[in-house]
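A.B. asks: Note that this note's numbering has the sequence shown beginning at 16, numbered continuously upward.
Simulated from the structure, these hints should not be mistaken for lab results.
Quick caveat, the model's predicted, so the values are computed rather than measured.
Take the hints with a grain of salt, since some may be wrong.
Said to hold, decoys possible - Calculated cross-link-like contacts (lysine-lysine; reagent style DSS-like; alpha-carbon spacing at most 25 Å):
#: 1; residue 1: 34; residue 2: 45
#: 2; residue 1: 52; residue 2: 37
#: 3; residue 1: 52; residue 2: 41
What the hints assert, rightly or not - Computed beta-carbon distance windows for the label pairs:
#: 4; residue 1: 26; residue 2: 50; range: 23 to 29 Å
#: 5; residue 1: 48; residue 2: 22; range: 17 to 23 Å
#: 6; residue 1: 51; residue 2: 22; range: 16 to 22 Å
#: 7; residue 1: 54; residue 2: 34; range: 27 to 33 Å
The C-beta atom is built at its ideal place from N, Cα and C for all residues, glycine as well.
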Amino acid sequence: MEYRYGQQFLRINLACPMKLIKDGMKRLQKGVELYRKTN
């Protein structure tokens, strides 16, 4: 599903176990750090 003006936003589903949320946040952080290093 695509949202109007949503290109600069990230949607995160928090309706899941906390373990998955923490894992996802760690992965997101690593991805952002890698992006910053390469751009």
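A.B. asks: List, from low to high, the hint numbers that the structure doesn't satisfy.
C.D. replies: 4
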